[in-house]
Amino acid sequence: MEHSTRAPVDDIGAKPTMVMIWAPSCSDCRAMRPALVEVSKSFEDQVDLRWIDASTSREVAQSMKAMATPTLIGFRGEEEAFRFVGRRTAGELHDLFDSLATGADGQPVGRQLRVIRGVTAAALIGLGLAIGPAWPLVIAGSAVASWVVIDTVKSRR
Amino acid sequence: MKFINEAGWDRIARIALGIVLLALGWGGVVDGALGTVFQYLGFVPLATGLMGWCPLYAVFGFRTNEAERAPAGVA
Numbered sequence: 003m004e005h006s007t008r009a010p011v012d013d014i015g016a017k018p019t020m021v022m023i024w025a026p027s028c029s030d031c032r033a034m035r036p037a038l039v040e041v042s043k044s045f046e047d048q049v050d051l052r053w054i055d056a057s058t059s060r061e062v063a064q065s066m067k068a069m070a071t072p073t074l075i076g077f078r079g080e081e082e083a084f085r086f087v088g089r090r091t092a093g094e095l096h097d098l099f100d101s102l103a104t105g106a107d108g109q110p111v112g113r114q115l116r117v118i119r120g121v122t123a124a125a126l127i128g129l130g131l132a133i134g135p136a137w138p139l140v141i142a143g144s145a146v147a148s149w150v151v152i153d154t155v156k157s158r159r
Numbered sequence: 589m590k591f592i593n594e595a596g597w598d599r600i601a602r603i604a605l606g607i608v609l610l611a612l613g614w615g616g617v618v619d620g621a622l623g624t625v626f627q628y629l630g631f632v633p634l635a636t637g638l639m640g641w642c643p644l645y646a647v648f649g650f651r652t653n654e655a656e657r658a659p660a661g662v663a
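From first to last, the protein sequence lines stand for chains A and B. The opening residue of the first sequence carries number 3 in the working numbering; numbering runs sequentially from there. The opening residue of the second sequence carries number 589 in the working numbering; numbering runs sequentially from there.
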């Protein structure tokens, strides 16, 4: 039975996000917390971590179709990438964060993609100015640079 | 995103190819009709690499990346 859902949390932006739905009475949640905090720190530039206390934010937890705690939901943008219920080891948590940071199929996301696009923009603008100037290249490079800036601003909202 | 049908290595190769074609065309390394072709054709792999989506792949149902994983686990 699938429970994929779109992220109802309004401030989930373009950056990949891990949502941890927990409860104070959940012993697995308490046991998993130190490892989750530790792993999230090593991915803090690539993946956001959001905590949802099911005991105080019941409506949010229900809207995300969380039936038990702990529930870990990974989002790429607003789309759910994966969902796991139950305790995870530190190694499993690291793999889950890594999959969000790099994409299921090794797609560069987040910072990596912005770097690739930024380098492309710089190469186009530099090339365009060096040879001529070749204004179509400069314009194309400027458009890509604008895309990078807009994407960076959106990901930091 | 579900429409992306290119793997990371595919995207980088396309961007590199596009920049090379554009450099050859606009830099005057390749002259004549071929140079003109390079000048504009170079934007095609560049654009498809940046977007991660190839229309030809889409038409033939081909992809170099893995299909999106279905959400795992049951809540």
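Derived by calculation from the structure, the hints in this document are not laboratory data. Please note that a few of the clues may not be correct.
[To be verified] Cβ-to-Cβ under 8 Å is the rule here; a few derived chain A residues that face chain B:
#: 1; residue: Arg35
#: 2; residue: Ile118
#: 3; residue: Thr122
#: 4; residue: Ala125
#: 5; residue: Gly128
#: 6; residue: Leu129
#: 7; residue: Ile133
#: 8; residue: Gly134
#: 9; residue: Ala136
#: 10; residue: Leu139
#: 11; residue: Val150
Predicted model only: the values in this text are computed from it and were never measured. Backbone N, C-alpha and C define an ideal beta-carbon position, used for all residues, glycine too.
Okay, the hints, checked on the actual structure:
no.	hint	result
1	Arg35	violated (19 Å)
2	Ile118	holds (7 Å)
3	Thr122	holds (5 Å)
4	Ala125	holds (5 Å)
5	Gly128	violated (10 Å)
6	Leu129	holds (6 Å)
7	Ile133	holds (4 Å)
8	Gly134	holds (7 Å)
9	Ala136	holds (4 Å)
10	Leu139	holds (6 Å)
11	Val150	violated (10 Å)
Checked against the numbered hints given earlier, the structure breaks hints 1, 5 and 11 and satisfies all the rest.
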